[in-house]
Structure formats: C-alpha cells, structure tokens
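**Q** One-letter residues, chain by chain:
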Amino acid sequence: MTALAEMPGREHERHRAERLPRLLAGVAPGQPADLRHHERTYGTLDLPTAAWNGDRAAARRAAARLIDAVDRAGLTGRGGAGFPAARKLRSVAESGRAAVVVANGAEGEPASRKDKLLLSRVPHLVLDGITLAAFAVGATEAYLAVHGGNGKLMANLAGAIHAREVAGVDPVPIELVGIDDEYVASEQTAIVQYVNGGPGLPTFTPPRTHERGVDGRPTAVSNAETLAHLAMIGRYGSAWFRETGLRDEPGTTLVTVSGAIKRPGVYEIELGTPIGELLTLAGGPAERPQAVLVGGYFGTWLSAETAWPVPFARSSLRASGAAMGAGILVVLPDSRCGIAETARVVRYLADSGAGQCGPCVFGLPALANVLEDLAFHGGRGDAAERVASLIPLIEGRGACRHPDGATQLAASAFRALRHDVHWHDVNGPCFAAAEPPLLPIPGSAGSW
Amino acid sequence: MVNYRLRVNPIMCQAHGLCAELLPEFIALDPWGYPIIPDEPVPEDLKSLARKAVAACPTLALLGDKAREPRA
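Top line first, the protein sequences correspond to chains D and S.
Using this note's numbering, the first residue of the first sequence is number 572, and each one after it goes up by one.
Using this note's numbering, the first residue of the second sequence is number 644, and each one after it goes up by one.
Please keep in mind that the hints were generated in silico from the structure rather than gathered at the bench.
Don't take each hint at face value.
Claimed, not checked - Simulated restraints, written as ranges between beta carbons of each label pair:
| # | chain 1 | residue 1 | chain 2 | residue 2 | range |
| --- | --- | --- | --- | --- | --- |
| 1 | S | I679 | D | E956 | 44 to 50 angstroms |
| 2 | D | G614 | S | W675 | 54 to 60 angstroms |
| 3 | S | D682 | D | R658 | 58 to 64 angstroms |
| 4 | S | R694 | D | D819 | 42 to 48 angstroms |
| 5 | S | D682 | D | T711 | 37 to 43 angstroms |
| 6 | S | D708 | D | R611 | 52 to 58 angstroms |
| 7 | D | T711 | S | E687 | 27 to 33 angstroms |
As the list claims (entries may be wrong) - Here are the simulated lysine to any residue pairs, SDA-like style, with alpha carbons at most 25 angstroms apart:
| # | chain 1 | residue 1 | chain 2 | residue 2 |
| --- | --- | --- | --- | --- |
| 8 | S | K695 | D | P777 |
| 9 | S | K695 | S | D673 |
| 10 | S | K709 | S | W675 |
| 11 | S | K695 | D | G929 |
| 12 | S | K709 | S | P674 |
| 13 | S | K690 | D | E782 |
| 14 | S | K709 | D | P1013 |
Said to hold, decoys possible - Stretches of chain S that chain D covers, calculated by requiring three or more beta carbons in the stretch to come under 8 angstroms of a beta carbon on chain D:
| # | stretch |
| --- | --- |
| 15 | 664–678 |
| 16 | 689–700 |
No residue lacks a Cβ here, since even glycine has one placed at the ideal position from N, Cα and C.
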C-alpha cells in the first residue's frame, strides 16, 4: 500500500534527524501493529496522572495545557474542512458539560485510502488520539465510526480496543460503531444521528455537533488522521510537530495518490511539498499527464502545468482555486477523457445523495445530465451556459455540503479542461469516452 | 435595529411553494419549486408578510431568525 519503508522501533528517538515518516513510522507490512509494537515505535501514551487519580481541577488544567499545545502546533483537521483542531476541542471543552468524542474513520471519498491505512496498520495511533481528545474535552463517551461493511477492519479494531482495555490505556472506553457504506453516511452530522439511534443521514444545522451532538451533548467529531496527529503532539509536543511543514501550515499530511502514476499509494509528506515533487515520490506519471484531480470527488481539477509547481498546502491550493480536501491526488493522463470522468463522478454523487433536500435531489441529476450529454452524446454548443445556470441553483442549498462538492468538481472541469469542453461541445464524444473509468465508481465494475 | 432573516430547512421543505406565493417580492422558486431565499434581511415593509409565510409553511421548513445586526 505504502512505498514508505518501515522504521525499526528501537531506533526511534524523540529528536530524530530524519523527519519522515511520522504517522506511518509504525506501518508494518501486511498486518496491524499490535499495542506492544506500537508502544515500541512511538513510545507509551502518558496521560497526566491527574486524569487517573480523580483530581478534577488538576485534570482540567492539564487538559487545557494539552489544547494549548495543539493550538501552538497549528494542527488543522485532515478530513476535508481543515478547521483548526484546537478551536474545536476548546469549544467543546469550555461548554462545561459532559462531552462526547467521535472519531470519523469512515472515509467517504472513493479515491482516499489514508484513514483505512491508519486504522488497518497503526490503529493504536488513532485510538491514542481518541483518548487524548476525550481527555482534552472532558468526554465521558468516545466512539470510533468506520464502515460496518468492512468486517475485517471491524474485527481488527475490536481486537485493538480490547487489548487496550486489558492494558488499561483508555480511561474512557472507546466504542466501535459500524456505519452504513453510503457516501453521505460518513458526513459528521450523519454519524451523530446514527449514534443517536436514527438513520445515518445528514441533519440540518445549526445546532452544530460541537454544540449539540450525541445525546444532545457537545460532541467533537474528528477525522482519524487528525487524531493520529494529536497522538503525536501529545507525545512529542508542539515544537516537534512544527519541525516539518510550513510556518503557517506545519506538520505532515497523508496523501492518497492514484490514477496514471507508477506507484499509487498513501504517502506522508511535509505540508508545502510541491505537487510535482510529491508525484515524483510516487514514481512519477505512468503516462503523459493532462490534469490532476486535487482533493477527491469533492475536489478540483487543475491542469497538469498548473498543478505541478503548487505546494500541497491549504493556502497555496486555495490560491490556485483548489482545496486540499481529504488529501487526494489523481493523475489524469492524456489518453483519458476528463469530461467523461467528471460526468461519471457527478452521476455517482447524484445517485449517492441522502435524498433529503430538493436542490440536491433534482439539481445534481440535472448537472450529471449536462455532463453526460457532453461526454457521451455530443454537445449542443451550450454546455458551459447550462452548467453555469445550474450551479447557483444547487450550491449552498442542501443541509450538508454534498451538493456543493459536486458543483465544485463540475465547475473546475469547465475551467481546467475548457478547451476540451469546447471541443466536445462542437465535435461530440472523443475517442477516450469508451475507456474504462480512471476514477473508481463504488458499486460498479472497474473500481479498485 | 433588529433584523429579520429567513432561512429554509431543506430537509423539511417539500416545495409546497406557499412562501413564494405569500412573499413573491422576496422569495423566488427554483425550477423544481423549492424556495430561493436571499441571504439578506427581509425589508422592513415585508416583515409582517414574512412572519405570515413562516407560520403558513405546511412542513414548518421556513424559519425566521431575529438577529441584531452590528452597526456599520
């Protein structure tokens, strides 16, 4: 899965000269790292003794210090939104009510593998992060949500949680939750509604989950990778965390690289690594690249020449009109049709909505129709206008961000591939429209 | 100055369209019949009609929010 070499545990020092890998340091080929291997690689997780001996005031001060360290580290959420982790923890901690922590390990993005890699190979790092987050916010309940359909992962995680119970690692027991495999089920309000005994569908906000989540209590929902970084900050501190990456966006991040690339897989990079360099790390393009999908199915197409020099970091991607999303890069080669790829993904997103909000229920299929017309049936010379008039009728009009992701993807295709769009609009489908999909569509043939 | 803003819970909304009928000056309908609500306070002279629209929504999807706006 990953091309990164395993790092022997004994050589691990707190102030390593080599800076990478961090999260993936404990990845052993083929099997999950057990608790012993985990502690040998990263060191033991030492919660302040105040948390154990019941001194509540001292525990609260220690929790505040931990949140301050996360703040100084500059950790941001790695699930897509990029919200500052310390701000989320603090707002839940300062509610003064018994809180809840939910780890989102059910990565919904079909082109993402990073959370699955963490949970299947270094599960204790994520579980450590859950325990630290629970300590930080004063939680009395903690959940780890993954796709229930993945029986092997569920069993491995149940085993890891049990091993920690036996060793007495987690003061707040971690409950494993298997959510539906549907795309929208991994949206954070959907997970909270599911834990509450309802359907795994997004809910209307406000109230937001950090105000009112599981059992109506303040709930910190965090991505699995974010929690793994928290586990590292809890051990080695904020100064260590900032030794890599950019001044304004410190640390490392996981990126899932796929498409026309020689060594697809999950890579841990310093934030700010140029996209071209990152793709070289993954063996370089397998064919002449045309464009790069950045951020996943909620993401953005950038032409290859635009993408190559852009540092993989939130600010520089934003300046290029893209977003980091959940850390995904898919290389589109010259031999494939970006319009056809976009049409299939938008159709998939249209089909995998929760079916709750009108603009999403009617708008996304309409958008998919325009793209499919253009890709497979020949345009009518007005595709750009049709898309431009549909997008404002969809964007920002759902309860969750699902429709916005689809419109962003479609809009970016019309920017990055505009010559191609024009060509299709005039000439009809291209020779590559019949090629099998490069972007995996779950539930159909050819997905990986 | 207390502003009155409208928003719609898109999960509850079933496109009955009563809101746009009561308040056509402010609310438009999209091609599928769902209301498009401007992201701005309801004009003073439409406030009472806006409150009526909120009360008339058969699925309780139209919500009115009072919010004190910071002075410019």
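**Q** Check each numbered hint against the structure and report the violated ones by number, ascending.
**A** Hints 1, 3, 7, 10, 12, 13, 14 and 16 are the ones this structure does not satisfy, whereas the remaining hints hold.
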